[in-house]
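For the record, the sequence lines run as chains A and B. Quick note on numbering: the numbering used here labels position 77 of the first sequence as 77, and the sequence is numbered without any gaps. Quick note on numbering: the numbering used here labels position 168 of the second sequence as 168, and the sequence is numbered without any gaps.
If you're looking for bench data, these hints aren't it; they were derived computationally from the structure. Heads up, some of the hints might be wrong.
[To be verified] Straight-line alpha carbon distances no greater than 30 Å define the calculated DSS-like cross-link-like pairs of lysine-lysine that follow:
(1) B:K133 <-> B:K270
(2) A:K4 <-> A:K54
(3) B:K370 <-> B:K266
(4) B:K324 <-> A:K4
(5) A:K4 <-> B:K342
(6) A:K4 <-> A:K25
(7) B:K133 <-> B:K204
(8) B:K266 <-> B:K213
(9) B:K342 <-> A:K25
(10) B:K213 <-> B:K133
(11) B:K133 <-> B:K357
(12) B:K370 <-> B:K357
(13) B:K342 <-> B:K357
(14) A:K4 <-> B:K327
(15) B:K133 <-> B:K193
(16) B:K327 <-> B:K342
(17) A:K54 <-> B:K193
(18) B:K342 <-> A:K73
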Amino acid sequence: MEYKAIKTSPRDNVAVAVQAIPEGKTVTIPDGNEVVANELIPLGHKIALMAIAKGAGIIRYGEVICTASEDIKPGDCVHIHNTIE
Amino acid sequence: MYFYGYARENGSYGVRNHVVVMSSVICANGVVEEIARQVPGVLPITHYHGCDSTREITLRTLGGIGRNPNIAALLIIGLGCEVCPASDIAEAVAPTAKQIEYLVTQDEGGSSETARKGADIARQMLQDAQQEKRVEASLQHLMVGVECGGSDAFSGITANPAVGVVTDRLIAEGGTIIMSEITEMVGTTHLLKRRAANHEVAKKIEAYINLGKEAEDWATGPQLLTRGIAPGNIEGGLTSLVEKSLGAICKGGTTTINECIPYAMKPNTKGLVIMEGDGSDIESMAGIAAGGAQVIIFTTGRGQISGFAGVPVIKVSSNSTIYKNMKGDIDVDAGTIIDGDKTIGGVGEEIFELMLKVASGELTRPEINKQNNFAIRQEGFHWPSLREMVERGL
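In isolation and in its complexed conformation, chain A is listed as follows (with noise of 0.2 Å):
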């Protein structure tokens, strides 16, 4: 089975799976881009497409949605846990 992932916009560093993603799996971005899961990503919920550090914003929809509150590495699921607002 392929898992996807959906980017909104060319700037965004997170992309939202549109079924769950179990854990090692690899997710193809409809841009042609590739990440591998580092744990289950729940349906709706962002995976990270690139490192982003501690400080830096979580972009989606090409926006700055909220921060990372730590580093976070590409695969990475990203919400609340890893964010602050």
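We have chain A already, so just place chain B on it with the hints.
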């Protein structure tokens, strides 16, 4: 790029050529319905407003609907003692120079006599409207409303971003987009202000969104919120209020916001325009149509089926399951971004192409289904809610 519309006297172009029979007040609805029974070719518009304290909202909304270029001719049926008389609506529509007539039931000898006279007028209007032919019109003459209703977790991933592509594309061609539903913009003031054409527009955006927040707080009551969003949103994967609202406002694309306009008022500029109003689907579409939009693009995740009286509504599903379950209600499936090999840009292109066809005469699903919904915005205090009455022991 072009569409084929009906050239109106005032320089606008209709994408439909309706003869509308409209009530000025709830009490005249039966007469309007009777005329529509006798002359099935007309489009009846009835509502529950027109008296008591509703004069201004009724007059503004019905005046705007009457001026919409999709309406070739207008017959207004009044009662006589209402606060929003038929003659005032006729006067509001008069600057368009379209064919307008009105009848007052209390002056015409009652319901059946008014219906008989009205039916004769409507028949003549239909005859005259047939003389109108579609002509080539540039996209500068196209105004489109973007709306969402019955949203789901996919709306912000598929359908709404695809509509954002349509928005940017139409604006690049010189057209106009109206986006409303201010309640869904809460949390994005800083982002939308940055896109304002000038300081005045930026100030209005802030004031509108503050109003949207007030309305939301009032409607939902005290809630257990984290970061301004509900627990269900967080379980669904949303991390912040900004992210949630961006999922809705991405329908508005990425261009400059040229103007902020009050409910049911006509934009003075082209490009992207924000209209104040809440997220009630039909009332929101009424404001957009009264502002002059000839087409509305409506995204849905749960399968919201409504159309709007006189304005074609293009329905876009956010997921393929609802598309397959409700094929007869949906025009475009944006779920192919998830299940198929379509991209957001590709589906945006598909909606844009369909929009041009619809503007040139192709019927949308809600039109085929006769979903000619209509409602004027509710406002102000009327009577305590039933829950309050029980609490008061009344």
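Subject >> Violating hint indices (sorted, rising) >> reply: Hints 7, 10 and 15 are the ones this structure does not satisfy, whereas the remaining hints hold.
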